[in-house]
Amino acid sequence: GLLPEGSIALIEGFYDDKILYVTGIGLPPCESSEISRRAFSVSNPFGGCDTNDSPAASLDTKMHKLLTTTQAGSDAMLVILGETHLDKPDTLDQLTTLFSGYSSCAPVAFILSGNFLSADSIGKTCTERRLILRRLLRQLITIFKNNFPDSESQHTSQSNQSPKLILIPGPEDPVYAPKHILPRPGLGIDLISDNKDRSSSSCPPWLHLASNPCRLRLYTREIVIFRVNYSRLLVRHCIHLPTLNNLDSYVETSEKIESSTSRENSETAVDMDSEAVATTSSNASSIKQDTTSKKHKTTTEYLGQCLARCLASQAHLLPLLGHIAPVYWYYDQALSLNPLPNLVIAIEPEPLANLNASQPGLVTTGNCRFINPGRFGHMEYSNELSGLQKKYTFKVYYPRTEIVEDSCLP
147 GLLPEGSIAL
157 IEGFYDDKIL
167 YVTGIGLPPC
177 ESSEISRRAF
187 SVSNPFGGCD
197 TNDSPAASLD
207 TKMHKLLTTT
217 QAGSDAMLVI
227 LGETHLDKPD
237 TLDQLTTLFS
247 GYSSCAPVAF
257 ILSGNFLSAD
267 SIGKTCTERR
277 LILRRLLRQL
287 ITIFKNNFPD
297 SESQHTSQSN
307 QSPKLILIPG
317 PEDPVYAPKH
327 ILPRPGLGID
337 LISDNKDRSS
347 SSCPPWLHLA
357 SNPCRLRLYT
367 REIVIFRVNY
377 SRLLVRHCIH
387 LPTLNNLDSY
397 VETSEKIESS
407 TSRENSETAV
417 DMDSEAVATT
427 SSNASSIKQD
437 TTSKKHKTTT
447 EYLGQCLARC
457 LASQAHLLPL
467 LGHIAPVYWY
477 YDQALSLNPL
487 PNLVIAIEPE
497 PLANLNASQP
507 GLVTTGNCRF
517 INPGRFGHME
527 YSNELSGLQK
537 KYTFKVYYPR
547 TEIVEDSCLP
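The opening residue of the sequence shown carries number 147 in this note's numbering; numbering runs sequentially from there.
Don't read these hints as lab results, they were simulated from the structure.
Careful: at least some of the hints might be erroneous.
List of simulated lysine-lysine pairs, PhoX-like, C-alpha gap at most 25 Å [to be verified]:
| # | residue 1 | residue 2 |
| --- | --- | --- |
| 1 | 310 | 541 |
| 2 | 234 | 541 |
| 3 | 234 | 310 |
| 4 | 234 | 291 |
| 5 | 536 | 234 |
| 6 | 310 | 208 |
| 7 | 537 | 234 |
| 8 | 270 | 325 |
| 9 | 270 | 234 |
| 10 | 234 | 325 |
| 11 | 291 | 541 |
| 12 | 310 | 211 |
| 13 | 291 | 310 |
Label-pair restraints from in silico Cβ distances [to be verified]:
| # | residue 1 | residue 2 | range |
| --- | --- | --- | --- |
| 14 | 470 | 288 | 37 to 43 Å |
| 15 | 479 | 180 | 16 to 22 Å |
| 16 | 553 | 269 | 33 to 39 Å |
Every residue gets a Cβ at the ideal spot worked out from N, C-alpha and C, and that includes glycine.
Let the hints inform the model, and build the full structure from the sequences given.
This is the structure we're talking about:
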């Protein structure tokens, strides 16, 4: 795993002449949420209810019954978009397509995260950027209301069935706080409303200007959403990176799994023409490129598994020293992952580590799943004919089965 500066580590060695000689170092074991809750004096340390004495999400019998026995619980889903640049061409049009596609089977919520303005607006003043973001957010809200008219309904039953729109600010979004200190407050209400009253009551009930990070309770699931460039920060200030020997063993294991899978597929495959299976010398360069890209992909996947192991064992979203990652200490509990939630959505548009490759397990991550939706609207290499194409990808989370699906707009 990764051992960044400021993290907790288990050290094995011997002490001689006032010197500790280390023979082994590693991350502490991950602890499941069930075991962690036994040490708390409150039953619901995660929050999300009126009082701390209310039951935790996983122990809420009412929510468990709604999730497992009702049609609403069976159809419940969470649509998760990564970094969404609203000022980029076609982004609002693609969001219109996305909202209209889900208008007949609305999810529980849509999650959009910043930076909502691209790097093209960095040269502008803060006032100009706020005016641009204000105009774009109002266009986004108009598109949302046009596709989900029940959100503005006066009837409580209809308004409760409409999806929520959750906006998470990014590091460069204009909020009333320094951008380098965590946690960050939500976007200002003045960006979406002309009402001079800046209280939360002037925000529509279906719109949530959430903080960064923020927490969600979805039936019996606990979810944490975080938007920061975490992987580069953790790797840069890491005192121990995964060794090449561990990476080689991981590559060998991955190749064995892939070869066994391809062998099983070849046994059941139908006969093909000789032209279809013929290999020419012109394909040699493409095979070499595929091997190189596979190795790079395997490296990022292995780093993603190590990063998930690090975050789960530290039970913290950013286990670094205070001068590296400044934190408002009064609100440091917002970055805590103790007890571990069911899902951590750590959003980073250009990560060094692929968190999506990590698999939840009791030993590796304490049964906590880590995902990264990336960026909504990123350039991706398709093939030699198509070249680079812009992909509008997102993820869908189903709380009943805890399945995360990769989706993409056509």
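Against the structure, the hints come out as follows:
1. 310 <-> 541: Holds. Residue 310 to residue 541 sits at ~16 Å (cutoff 25 Å).
2. 234 <-> 541: holds, 21 Å
3. 234 <-> 310: holds, 23 Å
4. 234 <-> 291: holds, 21 Å
5. 536 <-> 234: holds, 12 Å
6. 310 <-> 208: At roughly 21 Å apart (the allowed maximum being 25 Å), residue 208 and residue 310 satisfy the hint.
7. 537 <-> 234: holds, 13 Å
8. 270 <-> 325: Within the cut-off at roughly 16 Å; holds.
9. 270 <-> 234: holds, 16 Å
10. 234 <-> 325: holds, 22 Å
11. 291 <-> 541: holds, 22 Å
12. 310 <-> 211: holds, 22 Å
13. 291 <-> 310: holds, 11 Å
14. 470 <-> 288: 37 to 43 Å: Hint holds: Cβ distance 41 Å, inside 37 to 43 Å.
15. 479 <-> 180: 16 to 22 Å: 20 Å Cβ-Cβ, so the 16 to 22 Å window holds.
16. 553 <-> 269: 33 to 39 Å: holds, 34 Å
Consistency with the previously given hints is maintained throughout, with no hint failing.
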